[in-house]
Structures are given as structure tokens and as C-alpha cells.
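With these hints in hand, go ahead and build the complete structure from the sequences.
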Amino acid sequence: MAVQIPAKRWEIYPRAPEAHLAQFSDVPRLVTQILYNRGIFRQNEVHQFIDALSDSDDPFLMKGITEAVDEIFCVMEAGGLIAVYGDYDADGVTSTTLMTQALQTLGAKVEPYIPDRFDEGYGLNKQAIAELAKKGVALIVTVDCGIRSADETAYGNSLGLKFVITDHHQVPRDDNGYDVTPPAAAVINPKQQACAYPFKDLAGGGGAYKLAQALKIAAPSQKTGRPGLQEEDLLDLVAIGTVADMVPLVGENRALVKRGLHYINQPQRVGLKALIEQTQLKAGRITAGTIGFTLGPRLNAAGRLTHALGAYRLLSTTDPAEAQKLAAELHRINVERQQMTRQFVNSARAQIMQGDSLEPLYLITAPEFNEGVVGLVASRLTEQFYRPTLVARRGETRTKGSGRSIPEFDITRALDQCADLLVKYGGHAAAAGFTILNENLDAFRERLTAIAGETFDSASLKKTLSVDAEINLRGVTHQLVDDIQNLRPFGYGNPTPRFVTKNLEVKFHKLVGKEKNHLKLNLFDGKQMWDAIGFGLGELWPSIPRGTRLDAVYTLEFNTWNGTTRLQLNLKDIRGSG
4 MAVQIPAKRW EIYPRAPEAH LAQFSDVPRL VTQILYNRGI FRQNEVHQFI DALSDSDDPF
64 LMKGITEAVD EIFCVMEAGG LIAVYGDYDA DGVTSTTLMT QALQTLGAKV EPYIPDRFDE
124 GYGLNKQAIA ELAKKGVALI VTVDCGIRSA DETAYGNSLG LKFVITDHHQ VPRDDNGYDV
184 TPPAAAVINP KQQACAYPFK DLAGGGGAYK LAQALKIAAP SQKTGRPGLQ EEDLLDLVAI
244 GTVADMVPLV GENRALVKRG LHYINQPQRV GLKALIEQTQ LKAGRITAGT IGFTLGPRLN
304 AAGRLTHALG AYRLLSTTDP AEAQKLAAEL HRINVERQQM TRQFVNSARA QIMQGDSLEP
364 LYLITAPEFN EGVVGLVASR LTEQFYRPTL VARRGETRTK GSGRSIPEFD ITRALDQCAD
424 LLVKYGGHAA AAGFTILNEN LDAFRERLTA IAGETFDSAS LKKTLSVDAE INLRGVTHQL
484 VDDIQNLRPF GYGNPTPRFV TKNLEVKFHK LVGKEKNHLK LNLFDGKQMW DAIGFGLGEL
544 WPSIPRGTRL DAVYTLEFNT WNGTTRLQLN LKDIRGSG
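For the sequence shown, the positions run 4 to 581 when the numbering used here is used.
Keep in mind that the hints were calculated from the coordinates and are not lab data. This one's a predicted model, so the numbers in the text were calculated from it and none came from an experiment.
Listed next, the in silico DMTMM-like pairs over lysine to aspartate or glutamate satisfying Cα-Cα at most 20 Å (straight line): (1) Lys427 / Asp413; (2) Lys513 / Asp576; (3) Lys11 / Glu411; (4) Lys519 / Asp576; (5) Lys11 / Asp576; (6) Lys510 / Asp576; (7) Lys465 / Asp359; (8) Lys261 / Asp486; (9) Lys465 / Glu362; (10) Lys137 / Asp119; (11) Lys66 / Asp182; (12) Lys11 / Glu473.
Shown next, in the form of C-alpha cells:
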């Protein structure tokens, strides 16, 4: 008996009280309902959300930021060299670019450093620290990494280096529940205990941006003798990193991304302009979704298969010819990454499908897997099977991989319970990376599976599709969809609103896409025909012949083709009516 993929559970939010809906006569009722579903009730909150008016909190509320500013200016005044030490993903690369640009603008001598994924791995490492010390670096400022690097920081201290750690990942804690942070001159992470900064979910780029804000406040142009640091010059980078790292698009993150999208759609950064041209995107139409599915993956691709310095050079260059060459190379690497990911997903999926039933958790290893794409493979499998999934490349003595999880299971807290088996690990609730000796693999798999089994009931586990409202399509207009899109940017933590409509008749259906894995439908609501597209839903094609009546969960979007813009249903799930 082959594994059966569980059907999705649809959960429709309860209708907001009539008295509540009546309070907002200037807001469409469906928009008010969507905001009600997201816990936004008050008059001022509703209008602040629609306008994305979230105040940027004082950076000096962040624990450690005063010490960081003092240390940076101390090194600058002494003429010392500062290394910006980043990560090889899109958040890390944009954070490295941001902090390097900010420090250079303020007059600092800066050396950017991004480790090699394959030779060095994530985070600070002693070899890199020693090399930077030989170059005469006095201070290392980390971005998007470092919170778990206590040993490496201590080693750097022994060489005479100082550190400013900026990170947003979970802070490790001791057996008594207290933070364990590196021995640095300053540690900036809003998740630290006793940190007064009100917004805790900044991305790595968000944390770097707050430090840049603090540096600007403490060093006006008249002090540095240089043009002042302009925050708007950094917001494109913050937006890309924030969306790509899938932190919640609420509060300050949402405001930063919305502001950043304004500058991305009027690109001044030479490398970003080249990347937009390479991907044939249209400036003015770039959304958070565009970042997540088009720009972010290309910036990530360099660090996945080669070295992330290629992405850094693209974002930092001022030479249009060089930018075009670098953008084309990132595009080529991304195509290779897509092909490799598809191959490994099919291989791993075949292993899972050989079982008789779904396990609570999967740990899949193979020597042929590429370390750069195992996270993507884990993500695809978690999406399909709705189980925490870890995928890793098994080397001769060590296995290195990445895990993705579901809301019911905090994967990094689970790894905390396996720390004695691991060489290295880190991450957050939904995603983590790890390195383990091969001799510990069986014990690791057994313990993780047991933890998962104790955390949730595997047999009843289904992916839940939260649906904002059941609606009649006859009330949907271009203006209503415009009003819904005012709630953008959509993404993790602020999902695109989903709706359900029942008893739609299939008038036409076909498979589309290179692999014929997408489903295109024409659906009739009794009065009007609607275009619908279901990405990845091609396997449902045989079960919905013409004349079938179905219920559909979808998002509403505009589709422009040959100069004509029509409303389209982007299908998320379908089932037979009745």
C-alpha cells in the first residue's frame, strides 16, 4: 500500500459581527472581514494597516546597540579596519551589502566577508577569523549570523579582535533558561531577554538596518565630513532580505517592505536594475511575491551552488556592464539550481512513497544530494506531505543538511533536545540547518521521530487552509480586488487572502506548463465565466471533466495578457461539490 497524501482541511474564519462591519463605512466589508480575521479591530489599527503606517521604533531601544555604535566609532576614529561578516543566503547577502554601504558612507574602512557554504559552512568560523586578523581587521560586525558562535568569538578575542554581533535567529539558552550570548563588545538581537525593542521579528537585514539608523543618528554628516547616510538608499536591500527570509510581514517588517518596494520599483541600484532587466520584470509591477519567486531565488542561487560573493558584487557594483554580466550569470546558476532541485525532490519523494503510511517526521539523506539545495528540497516535501522534513547530503564522515517544519512543530527546539548528537545546528521554529557525524544518524532519526510523535498526532495531521470568507463571485469587481491589494505586501504572516466559492461548473480544463503540472480552468458561477489557474494541481486533472461541479479555495488576482487585464482565480485547492 502506497503512502496517501492527506487532503487539506479548510477552515473558514467566522463572520465578523454585523455591528463591527458597520463601523467601517469607508472600507469594503470584505476588507474589514479580512482585517478582523488578522486580529485588527480598532479604527486606528484598520487605517494604519491599510496605509502601512507603522512607526519605525527608536533603534536605541535595542539591547546592545549603544555599545555597538560606540565600538564602531572607536575603531573608525583609530583608522581601524572593520569586517562585515555575512551569510550566503539572500538575507545575508543583502545585509552584508547594506552594512558595508552604510559604514563606507560614514567613512569607515570596510572589508566584506561571506563564507563559502561548502568549505566553511554557516556562521563564524575560526579559519576565516584568523585570515581576517592577518589582514589587520580590528572589528568584525556580523549580519544575519553569529548568535550561536560563542567559541568562535572567544577565539577571535584571543587574537585581539572585537565583535559586534547582529542576528535575528533564536538565542541559545542554558539549562536555567537564560540567554547564552557570544563574548562580544555588543550583541544586537531583538529576541534577547531584557531587550526593550518592541518588534521581535526583524530579518537579518532589519537588524542591520536598525544599526545603520543608530549610526546615522550618532554621526550626522557634519561630524563625518561626508554626505549623510540616506536610509532610503538601504530600503531596497531590507525589503529583499525580509521577504526572502520569510519573516512575518507584519508590523515594522511590513512597513519596511512596503517602503522598500517603492524604491525597488524605481531602481537606482545598478545591480538591482540589471537583475530586473535580466528577469524581464517590469519596474512598477514588482511585489513581495516577485521578490519571493523571482529576485530572491536568483540572489540565493549563487550561495547555493557557487559562492555568494557573486550576488554581493551584483548588489554593490556601480558599473552597468559588470552588473549585466553578473545578473546573467546569476540567472544561469538559478536555472541549474531549478533542475537540480527538481531531480532531488523526485528522488526523495520516491523514498517517502515507498512506505505504507506517513511517518511523523522524515530525515532523508543521500551522498548525491547537493548541500546548496537540500533546504529547498525539504521545503517542497514539507509542503506536499505536511510533515517536518530534514534533507541532508551524507558525506564520508559527516552529514550536513537542512530542515523545514510545520506550525505544530518547532524544529529548532527539537534540535535543542538532540544537541548532544549534533556537531552544529541553528535556525528558528520553521527552518534549521545542522551538521552531524554519520555514526549518530540512526540515533538522531529515532530521537527526532519520537519527539515529533510526542508533539502531535501524526494520523490526524493535515495541512490547514485558512479561508477568509465564503463569497459569491458576482460581487467581485476590479475595484474590490484593488482594495484587497491595498493590504499588501503579502507574504509569511500576512498571507494573500483566500476565499471559497461553492458549486462552480467546469466548462473547460487543460494542463499547462513545461511539465504539464498546472491546471487551467474556465469556471461558470451561473452568470459569468471565470479564468482559473491551479499551479501544481495538474494531478487533479483526470477527476474534473467538463460539467463537474466543484468547490474552490483561491486568491483573487489580475492577469494581464496581450495588453488586456482580467480577473483570475489562483486556485489553492478544489474538491467536488455536494
